[in-house]
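From first to last, the protein sequence lines are chains W and Y. For the first sequence, our numbering begins at 1 and goes up steadily by one. For the second sequence, our numbering begins at 1 and goes up steadily by one.
In case anyone wonders, no lab produced these hints; they're calculated from the structure. Hints are supplied without guarantee of correctness; some may be wrong.
[As the list claims (entries may be wrong)] Selected chain W positions facing chain Y (Cβ under 10 angstroms, derived; list incomplete): (1) D73; (2) M79; (3) A99.
[As the list claims (entries may be wrong)] Listed next, the stretches of chain W that the computed footprint assigns to chain Y, with coverage defined by at least 3 CB atoms under 8 angstroms from CB atoms of chain Y: (4) 85 to 93; (5) 118 to 132.
From a predicted model like this one, the values you see are computed outputs, not experimental measurements. We treat Cβ as the ideally placed atom computed from N, Cα and C, and that holds for glycine.
Number of protein chains: 2
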Amino acid sequence: MNTPRYLAITGGIGGAKLSLGLASILGPEALAFVVNTGDDFEHLGLHVSPDIDTLVYTLSGEVDTETGWGCRDESWQFMAMLDALGGETWFQLGDRDMAMHVERSRRLAEGQGLAQVTKELAGRLGVAHRILPVSDDPVRTRVQTTAGWLDFQHYFVRDRCEPAVTGFEFAGAESARLNPDIAAWLESEALRGVILCPSNPFVSIDPMLAVPGLRDRLCACPAPVVAVSPVVGGDAIKGPTVKMMRELGVPNSASQVASHYRDFLDGFVLDSVDVALAGEIESLRMAVMHTHTVMVSLEDRTGLARAVVDFVDRLG
Amino acid sequence: MNTPRYLAITGGIGGAKLSLGLASILGPEALAFVVNTGDDFEHLGLHVSPDIDTLVYTLSGEVDTETGWGCRDESWQFMAMLDALGGETWFQLGDRDMAMHVERSRRLAEGQGLAQVTKELAGRLGVAHRILPVSDDPVRTRVQTTAGWLDFQHYFVRDRCEPAVTGFEFAGAESARLNPDIAAWLESEALRGVILCPSNPFVSIDPMLAVPGLRDRLCACPAPVVAVSPVVGGDAIKGPTVKMMRELGVPNSASQVASHYRDFLDGFVLDSVDVALAGEIESLRMAVMHTHTVMVSLEDRTGLARAVVDFVDRLG
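Isolated chain W, as found in the complex (with noise of 0.2 angstroms):
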């Protein structure tokens, strides 16, 4: 009766490619994914989950493999029109994409929250894993430049990541409340471990951590808990994870990652390009595991995945 269980915690598209690996060896009844929603905004008044669709749409099949974001098969006939008549182009919406905007905008304008309107929309496309919001109140991620402050969005896709950045908010997170699902699997004496995806410690992982009680539970969480490094060879593979390490003055490494989570972590992934920075992380009191972490097939997946999972299971 009780199957062991896994937490994934993610967002963004490093993370997403990983779920589907996790997702492609540990049933549903196995595994539940905590996604960020940082990154949401309000845009031509819809309500926007990037990270939630990402995931959504890579577990379902339906993401662009070529961008890693979006719907395959997509249209652009929404945005040409909208660009006619004058409409705020910047935030690209595909015609397919936007009926998951516009009907998960319906939905919670009908007072359902963000949990129960995602795991419905999810179930629609055929998603059998729970996909778990961190919150239903709005956390949203702001971010500091030297071009001032600006809500996600605007950094990330309308500027392209161009301001430099000396810090970050989360607006609403102090008095969010930590969906009740995800305490529900962190105390569940089924958990064998927790898996933090190679996502944006900065922008992805932390806008969840902010979130009164994840944190601590983690800290106090009795099964492992795991990361993926996100930065390899100095790189991160996608996104800004290493310009804003540069910004903000700390060395792109991956180490500096695991020293992020320092306080909860009980094992660090890292890139075997890496595997010299073994022992500075060990001495942080983690276990050190190294594999290849780069994924471009869903074979690299799968193989993470089960690199990973083995990990957990042997600190466990």
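We have chain W; now place chain Y onto it with these hints.
Showing chain Y alone in chain W's frame:
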């Protein structure tokens, strides 16, 4: 300086056809359109204005000429995905068309009025003529049927006009303020005539007449007011006009349309097939002109427009 001015009152596809003809012979200084908003509705959180859109798309050349509504070169990816997500799909929203609803809704939510939004969005598509929604305040047609009261689009689109009609109401009309630009055109010394396009009297024209001030101004109008019959040989070219007449126990004759407007009409344009009705309509104390009114080609639209304007000018 004082360009002669004409005001066309329109709703729906037949009205838009004549409107296009009128716009091809009268410039933006000489012609403005009063448009029905009684079939506007909130759908999926968006403000949809079907009659405004039909006119905007028709005048801009964006219209799907096969259907008479929606956009040419349209695609339906949004609808297919909405269907997959379990959303409401009874009202067809094309991918290009969606941009209009989203951008209009965004601007309305910002506090702009419907008239201003309409002017700006139509202008973006190259429409120079003024399109004047009857009011910025909501007017919502509701249809009393043997199946109960129905919101207009539920009756018209979802239920395909199947329930038998017993009456109408125009919620909000009593307290709606007439668009001041409509009052200004009707009170202009340059006004040469008012043209009711061949639109459904019950659900395209009556909702506008229910807005305080419009009917009074038409009754008091020193320039001729003429209507073009939407009923030809006892049939409607498109839409439920004749079905409604039958259900309401009104003879399905063009003369009934003339009678419907008899308190303010100075002239009536019949199709030549209905020339036998001329005497009956003249007995309502209005002038009658007959011509070919069925508009298939652009030449038909322009030809009818020219004939109607000549008729108005003769009555002036």
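**OP:** List, from low to high, the hint numbers that the structure doesn't satisfy.
**Re:** The structure breaks none of the hints.
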